[in-house]
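Asks: Given next are the chains, with one letter for each unit.
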Amino acid sequence: MTNEIKRISVDIGGTFTDCFVSWGAQYVQAKALTTHHNLALGFNDALDIAVKELGVDKLTLLSQLESVRYATTLGTNALIERKGPRIGMLTTEGFASTVPCSRGRGHGDGLSYEEKHDIPRASRPEPIVPIPMIKTVSERLAYDGSVLLPLDEDDVRNKLRDLVDQGAESIVVVLINSVVNPSNELRIREIYQEEYPGYFLGAVPMLLSHQIVGRKGEYARATSTIIDGFLHKVMYQGLGTLELNLRASGYKKPMLINHNSGGMAQLNSTDALQTVHSGPVSGIAASEHLALNGALGNVIATDMGGTSFDIGVVTEGEEKHYDFQPVIDRWLVSVPMIHLVTLGAGGGSIASYDRLYDRVKIGPESAGSTPGPACYGRGGDRPTVTDADLLLGYLDPNNYAKGRIKLDETKAESALACELSDKLNMDAISIAKLVKENIDQHMANGVATELRSRGYIPDEFTMLAYGGNGPLHCCGIANALGIKKVLAPPFASVFSALGAGNVDQLHIHEMSTFTTLFDTNKKSLLTTFEELNSAIDELELRGREDLIRQGVDISKLQYRIEFDMRYGNQRVETPVVSPIRRFKSMSDVLTLISKLHERYGEQYGEGSQAAEAGVRINTIRVASFLEVEKVDFSRILPVEERVGAVSVGERDCHFVGYTEPVETRLYDDQALKVGTSIDGPALVTTEATTYLVEPGWNFHSSNHGAVWFTRLGLGEIK
Amino acid sequence: MSVEKGAKNSSDLSLEEKELLEQFVDDNQLYYGPDPKIVRNHKLMPRTQEEECALESDIDAQRINLVRGRLESALEEGFNMVEKMGVAPGAKWGDLVTAIFTASGDMAQIAPSGIGVFASVCQYPIKFINKYWTNESTVGVKDGDGFIHNDSRYGGVHNTDQSMIVPVFYSGKLICWIATIIHEGENGSIEPGGLPSIAESPFDEGLKMSPFRCAENFQLKRDIVNFLQNSVRDPKLQYADMKVKLHASLRLRERVLSVIEEFGKEALVGSLRKTLEDTEAEVRRRIGELPDGTVRINTWLDHSLREPLLAKVPMAVTIDDDRMIFDFRGACPELANRSINTHISAFKTCLATNMILYVWPDLPVNQAIFSPIEMLTNRNSLVDPSNDSPNAMSLLPLFRAMSIPSSLFAKLYFCLPKRYTALTASHYNQPATFIYGGVTQHGEVTGNFCADINGNGTGAREDNDGENAMSPLFGAVADTGEHELAEEELPYVRLVGQQLAKDRIGFGKYRGGLGYEQMVTVRSSSFWGFMTGQCGSKHPSVYGVFGGYGCPAYPLAKVKGINIFNEVKENPNALKLDIVEMMNAQEIPDADYIVQQAAMSFEPCAEGEIYMICQGAGGGYGDVLERDPFQVLKDVEENILSTALAEEIYKVIIDPETLILDEPASINARCEEREKRKVRGRPYKEFCKDWVQPGPSEDLPYMGSWGDTGEEIIASPPGESRYTMRGDEMAAVMLSNPKDRRIRELENEIWQLRNKN
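Each protein sequence line maps, in turn, to chains A and B.
Residue 677 in numbering that gives the first Met the number 0 sits at position 678 of the first sequence, with consecutive numbering throughout.
Residue 233 in numbering that gives the first Met the number 0 sits at position 234 of the second sequence, with consecutive numbering throughout.
Chain B on its own, in the form it takes in the complex (with noise of 0.2 angstroms):
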């Protein structure tokens, strides 16, 4: 920032003339944009005047427990309309939630069936309302209204999720908020479906919008809608949605108000409250029966869906005493045109989600989960970037923040006789699925996602397998849907619809749920096209626990400049429906077969080509040679597992063509690799001596700090050369363009050729 002629620099005011300055700012805002006094803060509000009488007066703890009963009810009641009356696939397959919260915006009680990130982020738009809009004059906040927001920036997951948000009035006073969440999709961005990975800033990331008032006495603003629906590829989609989100608000509200009625307003305000405190209260208990220490993970993604690259997201998690202190100093910096960062609010509360569902799944679900956690961060890393750079495909760091937490969890609570659920390795982590645009058989413009982001397979357990392609790892209860229904709707054609991907596993003593294949072409359309938005094609993205291993890496391949519709007719055998046997039998002379890395931004699909992606698998627990031999032979008869992988992991010994297990031969296998592992066993000193680098190799595109201190951040931008920041003083990282990259190597190539001749 340029310091103007004449001005002091603020730090050098003193308090008095800072509290002015603040005072002259606020009064005379230009824009009210994201305030990092709200979405940096994640403690729960202070008790309002109201919350202190509600809780001072004689409601006890039964009689708050019934509103909460009576709360839940209505919550899942105007879930059900959502799930039921939504339109976009995200509203079908149950991404979407209702929620309620106070009345200064804490997020209290969600639909059981609900995600809950969706509704703990929400708490954020909701206190920039009452901030800014209650008392501003040509706004304010009244009974029938609603407003919608979508930019993550003002606290959202990403801008594919918008969000209805309605008052709660009685007698006059605002009482509580409801708010209904859907991911939504389409929302102009500049690649279809609303999760661009070539958004280079935030203004290429579609509809951004700030949370405004879009309905007033109990309906929708037509010219708001119109706004909206001019600003998308599918407006059926826009309009409907929108309708489907304020009418569940509108029948959530009126049973608030009927809990107000039978129970009394101080009842429903104190009922909110004390769920709040009351959970945090029971997190602060269990943080106190955590040992004192610190467990670290460090991991990384292996590409910005633009380019590969190392961006570390590293996690330590300290217990000291009633303290817990997650630390990711040391990430990746900002990346200021990729659309990779997540802003640090959808950060934290994908943490948050974690622990609901993997530590702590008995707990109520509210931002409270959250409230006692103190966290470190650098500024302007990829975790907690500035306003400036696009966060359209956070789901990469997020997806890892809702999945590395609970392998330190496994490593804290190892020793501990009370869980509250099974130990477990990290659930998949990469949001793979397809996500598509263009225009359908029937004639409509669309743009979305395939409903198998919705079945990653889970992590091993401490006494059992991970599950294979169960939930995505933001939920427990979505689904992936029926493919005859999709492809009704949608003219893709899934060639593989689910199938296991044989081989590919996260071994150990107990094994990570296997992912499933995904083949799909395109028929019957005048234009389509596919985009992806995972990586993990490189270095794999879950790691396994206590000498688990963690999950294979993934590439995406296609067969291109072919109609594989007019090839079978030709040869039957020229589709291999299996990802592997495709790609290496490679039938079609002229075809491209082509492997790359599995994040692809946007690219036409013309009729009979095909796209293949693989949902992953969850991290393995333990010793693969602990393993039961049994299970290694269960897996292979159920062709999830070859008898040479089974021999080369497990060292147990299956015949191929009878698939009987060779128990003797299997036990000295085992015994042999056993000594092979001591011969090749070194003191951990002595390892270390050889194996611990200074630093990154120097062609690695490595992002991050190196080894466990955030203290010096190495930057590698792609084409440029490497430096360092400190981890508190970082900077933005500009990339260029990988298609400027390549042109530049072109013309070097050229330049040599010419040269040459």
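This is chain A alone, in the form it adopts within the complex (with noise of 0.2 angstroms):
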């Protein structure tokens, strides 16, 4: 750790550019409008923020950089708006319609539970691969990779050239088994090759599943190659455009692509999978940073936006959380993600009647950013959880958005009237008060669910709250979850930038396997390891070689090996990391089978552990990796000092569970003056956001502008 580093990490996100600036001890944070048709342009405008801050010529800056780093949604917007090639497909006779079919469970695959539920009304999502565009060649290898019908290379040529003529602008290759002999994948590429030479104009890229995805699962392994091939160019060209604006403003190195598995690489080393979903990571990598470097804990990560809530899980002492099969936009792929959930839980989610339980029922309909909450004033009717957040006194009409958009009581109280009033026969402030009680227990519920399906007790985590609605919510969230503590981080309006830049060049290489360890009805244990310890050879290899590749040093990478295990046929698969590097002996593997039944234990409750049934390892991951210095961050811890504020006014303010108004003090960004300390109930209203300490709980803030909030005693709360 140190305060020397010189870098810029940057979030492109979907309306805005975040920018965070590391220069030596001085930290800056940067906003400015993302620039669709050229990235590069809202780069520049959020960097010519930054170096007017720190007050350094943007060539001096650029030039003394020891790394750019970019996490960006632009391949999750691209897969939403379907901007990209035609794709065409090759896959096994007898499986052309594995894809189309999504494992009969595409049509809910991204969506809530409500529309899921709704047969009559559900629908796959649009194909990616026209259905006309996808082919079958004859061949087949079996489960260990044997082949049972060969490879029918006239049948090859012809269905490529079927694709060509059909206009596939990128070709994925998706063969049953390749992950365990992908010599008839390769063999299609070098026919493709063959006959359609990489040197002509206009040559099309050809994807092969294996080299995407490790692991078995053709319909998953399918998914991920046409994604991959589907925003290939499109990530190729924007983030092209970045590399060629940084060379020619000064910055000489390569540039590094944050990747969804908390790690980073060159450009030359990122495929396009990899980068979906890298923006909403990194604010779990800036989480699991703060963390570590500031010895947090447990940690559990919330981004509450204008229409979704993000979850994410940082544990002390373990390795990250991950999804091997996440499902991005509505389509489930194979890669190792950083686990994030999201809910459909956000300041626009509109408020309804419910007239079977005669209740509130907020979501999942959100009225977005247009039109909005109706206090908006932009043609939104519906009331929203932002509406009720006026009405109870939290924002300032006036200040919200740093005053970009003046919020009109009148409309928010009339909204909330007009859809509820008569049916629960309350006034709208009260009904204001069980939107706000029923969206934070509805969030505590999606994180409690989270964590107790991990075996972690919420109370023994600190809860982290970004994201524009987070600090407003998270003390109302955290009561209903039983968290003491809660950080509002710093940079918060730019965590996920924050959080790019603080992630370790990873690469993770899987390969399926089906290695008993324990034979249960031979009653045997694994005796012969060289088919694993040469997969875990093979596995470290490629991991070298992406990191090679990018010039690291390779006398500091580092090899992590993890085994997704189960007992007998289960469907799950724990993933552990392995304490023996090779394996040696029957000892080794004892070790190893201990290991699952304490991490299963700890998951699902011990004595679940079912090692009579057998042991399995059905995957072999390794994680290669090269620790690279972090940004500073040791002194958010909260601060000795404890200081009052001068408040700026007071404000009649209503909470849950109090039958009258509340006079509760206001405060302004002075309040985020190190060591401040404000009691319940009390608003605090920055430029960025807005900080509502609700009755029962303490505002103190620290250094870099970090607030904690603690609760109090229970007592207190009335």
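There could be a bad hint or two in this list.
[Said to hold, decoys possible] Listed below are the simulated SDA-like cross-link pairs for lysine to any residue, each with C-alpha atoms no more than 25 angstroms apart in a straight line:
id	chain 1	residue 1	chain 2	residue 2
1	A	K483	B	I259
2	B	K501	A	P129
3	B	K83	A	E561
In case anyone wonders, no lab produced these hints; they're calculated from the structure.
These figures come from a predicted structure and were not determined experimentally.
Fit the two chains together into the complex; they arrive one by one in their own frames, and the hints show the way.
Replies: Right under this line is the structure:
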């Protein structure tokens, strides 16, 4: 850890390009509108703001930087907007409908429960590969890679010609069991290169599934390869423009791209799928960095924005929490991605009346930013969470979003009253309190499910609250969860950019295997280790080659060996970090089995382990990484000093559990001065956000603009 | 039942005598069988005193809502645990549920991702435990107990589903129940996989677990587990999943207790009860919105899984002000020695499932969805049999229960402005998958079914086509899985994994979603075999609505006496990865190419022999001549419709070489067809005069009523004389063994040949 790092990290979002600059001991944040036609322009605008604040010229800054790193939602947006080439797909004969049928579940992937459950209205998303562009070739490999049907090369040539004739701009090849034996996929590429050499203008790229995904599962591997092919060009062009811009501006080193694995790599070692969701994932990376750097212990990262509430888990002394088969947009894919759950809950979530239960229901509909909450006065007439927050007195009508949006209380009240007053027989304020309580509970339930499913207890966690509405709702969420400490982190409005600047150079490679450690029928333990060890060798080699390609010092490389393990034939694959680097004896096997026992018991309860049913490894995973220096945030911990602050006014606010309005002191950004301590009820309104200090909570600001909320004795809550 | 000498017939007893007798019998029970008072009652239990107190306390709707949200989170947590930890294929691909029941046993709330029917039907064993074991001195119910059951006669879809039922006590008092249920598959039945089509009695169906305690002090009782393992083919599965269910239930129990700690006992008890009562009130409101009248549909199963027959499953829905009556009178009689009977409790919960998934998907999933509905059935019918008949393959009538109501509700809602979802034709309704058993390539003995059951075609909608192979009709979020992973564990090879079945469509203005072909063989196994449990090979299983077509009939095809892996080495053309092509080309000279009805009892499959079936299509909606020609073209381009059928059915002309749509020719063809329709058309009465027959043809193995009334029931046991019964006095029909019939036929032939000579 050092205070001398000179680094820029950027998060290019759909609306804003966020920038975090670490310039020695100085940390600066900047924000500009994203310029979709040329991402470099938005970046330059943000950079201009940053250099102005730092007082250095751009050339000096760029020429002295140790690195520039990008996280981006560019890929996510391109996927949602379906901006990509016409993809052609070659797959094994007999599996033409694997992708279109999407495992019978594709109608629901990426949707809310309500949407999933309405079968008569359910529809799959428009396919990325037009169905006539899926061709099959005659070949078939068995589960162990042996050849059942040889590849029909004439058939391959014919089908490739069909795809080219039908205008394929990118071709993906997904053959059954190719991860065990890639020879047919590789041969198809050779044939393709013979028929359509790459030096011709208009050469069409071809992606092979086994090179994108190392694990079995033909559908998820196919969608991963398809998305990779679909996003390749747009990502390459977008990111390539950024790299050229950097070179032209004086930065001569390779640009680094953040991956959804929580690591990063140079552009030449990044595939498009790895960039999807790298923006939100960088928020989790930032949380992880703060947790480690600030010794915060277990952390639950929450990002409450206008339409969604993202949840991530960071646990002390454990590896990152991954989803190995996450849903991206509407597609189940196979890529190790930092676990991130998104609930449809935000400031724009609409409150409606539920006749059945005679209650207020929040979401899943959202007013979004257009028309937005009723109080925006942009045509929205449905009541939202933000309308309730305004009515409860939490938001300053004249100073919202830096004063860019004037909030109209009358419209908020009218929307709440019209939609709900008569039905609930309540006044608008009481309804607003219900809305606040319900949305907080809903988000708390989401957090609780996340933590408890993994065997954790919420009140043993510190909650990180960021995003536009995070510091406003964090006390309510924490109350519902029993959490006692909340950190509104520093640089919260560019938090993902901050995270992007604090990850390691990392590559993860996986391989499917069917390795039985304990065979319950034969009552035998694994005794031959050559295959297992050579698989680990192979994966380490791949990681090493990735990093060597980027010119890193290989003496500093580290490897983490993980196995996805299971008891018997169960579905769950419990990831276990192996304490054994290479297996030499039966006792190594037993050590690994006991590690699974420990991990599984933590997650599902002691006694739930079932080694009696057999123990197996299904996936071998090697994370090859190079630790890089991180920006120092150790000073974000609560400071000793506690000083009061001068309030700038008072306002009546309404709180859940209080029948009468409570006089609430108001503060401005002076309250962020280190050591400021304020007991709730209070409101701190800054340019970037509003901190709501609910009764029973204390606000205490620390270094870098970090704010700690701590729960006072429960007895103080009326 | 015979009457012993000196005993009065029970109908001759006075009320007082009856009470005395009942009391005596209750006090001297030989055996606690399925209790009709429990399993026939789908109404909510009366409010308990605790529930009364809870609802009278000061908890309001908003607070109850918070409790409900907390319980939902806990149920989902439990569901995730089971789905991840479960070993059964059913658990892996979503065929499971976690649920909370009131202390009286009413099912109040389930995990949002769970299969509702499993939970609804579990109310009955809980009520059985309450009634019989709580105060039984040798059993009792206490904190830390876990009860298991699978016998569907005590409440259950079929015997492959095993529950773990855990009581939740607070301050020494029973507050509620928790249950976790998985479709386990293998259960020691006469055929592997737990779904024996050849079961001739309940005792051929494997484990028959009435509800009993299998866990004490929060731990499984190993002697009990061992007994169960000893009774099935896959002891590993039996053990591992019992453990999974217990631990998930205990986790859920912890969460429920924490809700009580936070909100109070009254809030929990009140929440569960109010959820049920509010749902029931909403259902009554919705019934009130429907127009008065009766809509009906007559459907037939075309196979008993042992022999072809036409087993009627009719349904009529009558709305009379605030009453809704489901009428199944006229259904096929109970088949005393065939496995396709279903118990009434399961049948009702499957009807409720249809309403939850296809009519009112916005309603919460609990048993109050069905409690306001009145049911009419004939006792001893296929859908309301006695306890003496097998029901291992109850899926046939149950899948019908989960599909046909939506087409009736399409009619009821057609003219109403307010709908709760789209109107739709029926989802495909056969369990179209391979059930397997044998020894895997890893030397493990197993028996279960493939996840293809989870990919039915959906019915066409009022404004859109159905979705191809999308979710099973019993749940919205199940999964067909990955074949690469399945083949890793099992020795079968999917030659055709998923390939939509071209031209096999429920046509209409909007077409139903298609099913896909499944072609499978086996490799590297010392013994393996397959069976299926579906029908619909002669008579379509699903019908269209408002002029839409039903689905086609799907046979089973197989190629025996070969090893395809050797054949393709000699002749690469030997294998056609398309059922129609494979069976038409018949490239392998000495092979047996067989087409048969899709129902197949377990038979061994040698290495390289091929079995082929199809997932089916949903019904069509509206007139085929109104289908947008460009949608027809799209189907052709996507290779799910041939140009020949485009012309024959839709009257849309598409060049088979260029796939160019000839719009003027199509308009002409449609005009011509409309003219022909006018010529073919006849007044309704005239049509009926020719069309309506007094009864089924003599050669039809017909079972059930003829016409719309259920007063007279026809029974035509194959190989025997037809007879009729009064609907309200039906008796089960015993069918002869198909093999005996075949032997008789052959003996006749031999006799005739001998006589000839």
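Asks: Hint numbers the structure violates, sorted upward?
Replies: Violated: none.
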